[in-house]
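Asks: What follows is the residue order along each chain.
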Amino acid sequence: MTMPPRLRKFALIAHVAFSVATFGAVAAFLALAIAGLLAESGRMASAVYIAMDLVVRSIIVPLVAGALVTGLIQSLGTSWGLIRHWWVVAKLTVTICVAIVLLLQLSGIAQLAEAALASDLAPGDFRQLRWSPVVHAAGGLAALFVPLALSIYKPPGMTRYGWRKAQEAGQGRSSGRGIEAPV
Amino acid sequence: MRESDSAPGTPRWVKVSAVVAGILLVAAISAAILSGGKHSPWRHLLMSSGIAGALTADIGAAGTAPFAGRAGSDRILRS
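Chains A and B, in that order, give the protein sequences.
Sequential numbering from 243 applies to the first sequence in the numbering used here.
Sequential numbering from 2 applies to the second sequence in the numbering used here.
Just so you know, the hints here were simulated from the structure itself, not pulled from any lab data.
Be aware that one or more of the hints could be misleading.
To be verified - Not close to chain A: a few residues of chain B, all C-beta gaps over 12 Å, as computed:
#1 24
#2 27
#3 31
#4 34
What the hints assert, rightly or not - Computed cross-link-like contacts, DSS-like style, restricted to lysine-lysine with a CA-CA straight-line distance of at most 30 Å:
#5 A:407 - B:16
#6 A:396 - B:16
#7 A:396 - A:251
#8 A:251 - A:407
#9 A:396 - A:407
To be verified - Pair ranges (Cβ atoms, derived):
#10 A:390 - B:24: 16 to 26 Å
#11 A:406 - B:35: 37 to 47 Å
#12 B:10 - A:285: 55 to 65 Å
#13 B:32 - A:413: 45 to 55 Å
#14 A:394 - B:21: 12 to 22 Å
#15 B:10 - A:413: 18 to 28 Å
Here the structure is a predicted model, which is why all the values come from computation and not from measurement.
Where is the CB? At the ideal position from N, CA and C, for every residue including glycine.
One chain only, chain A, in its complex shape (with noise of 0.2 Å):
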């Protein structure tokens, strides 16, 4: 089932709007991260770790929810399919195992803002709990390209499901039925 095309336009600015504001926030966090492991003053540390709290919870598992819902919905309501084109099933495979990681990191930063709440946070405390969001929030940000690019080149090569699927809609145009226009 293909969307119309104004309902279409409507979902692909949503799941870039989703996507692009993903890449900034994770950016942000980053940022964060290393203010909060370079943190010298307990003070600073702590203000860094509840902020990083309120922005993973309330910002980020929100954008990259957002993007995963778009991004099926926008290939589920087009010829594209979901696993019809290579290129779509690497960009759904990477948002997926980005948002596997950042569910499993709530737990770590969840509980330096707890510690950050109780008290100030001295250099040494939680070191590596402390490196864990700087090295993930990196990675993400590395591993957020990947869909980017994709997304950009749309790299050729069908599944084996896309070209049967193709070879259908290719008989069927033959013998006069209907097929569903293109992207």
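Let chain A serve as the given structure and place chain B on it in line with the hints.
Replies: Positioned in the frame of chain A, the structure of chain B alone reads:
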């Protein structure tokens, strides 16, 4: 020109990406094992379920309350 009846093979860029992803996965697992298992995704899962007392020894050493498996921001928003 007649189209081929056989399905196309997997493109080279997909194969290369899969190999790179596999190498990164192995590197991540190796890093988790070399760090004594203290930093792996399972650690976060265990913490969420509240059964990782031994793994959160560094938290106790820092003199703060052990993680209770809930969002810090919930408390922040309420306070």
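Asks: If a hint holds in the structure, say so; if it doesn't, say that too.
Replies: Do the hints match the structure? See the list:
1. 24: holds (14 Å)
2. 27: holds (15 Å)
3. 31: Given that every Cβ of chain A is farther than 12 Å from that of residue 31 of chain B, nearest at about 15 Å, it holds.
4. 34: Holds, because the least Cβ-Cβ distance between residue 34 of chain B and chain A comes to about 15 Å, which exceeds 12 Å.
5. A:407 - B:16: holds (23 Å)
6. A:396 - B:16: holds (16 Å)
7. A:396 - A:251: holds (18 Å)
8. A:251 - A:407: OK: residue 251 of chain A and residue 407 of chain A at ~24 Å, within 30 Å.
9. A:396 - A:407: holds (19 Å)
10. A:390 - B:24: 16 to 26 Å: Holds - the Cβ-Cβ distance for residue 390 of chain A and residue 24 of chain B, about 22 Å, lies within 16 to 26 Å.
11. A:406 - B:35: 37 to 47 Å: Given range 37 to 47 Å: holds, Cβ gap about 45 Å.
12. B:10 - A:285: 55 to 65 Å: Holds, since residue 10 of chain B and residue 285 of chain A (Cβ atoms, about 59 Å apart) stay within the stated range.
13. B:32 - A:413: 45 to 55 Å: With Cβ atoms ~51 Å apart, the hint holds.
14. A:394 - B:21: 12 to 22 Å: Since the Cβ atoms of residue 394 of chain A and residue 21 of chain B sit about 19 Å apart, the hinted range of 12 to 22 Å holds.
15. B:10 - A:413: 18 to 28 Å: This hint holds: roughly 22 Å between Cβ atoms.
When held up to the earlier numbered hints, the structure conflicts with none and fits them all.
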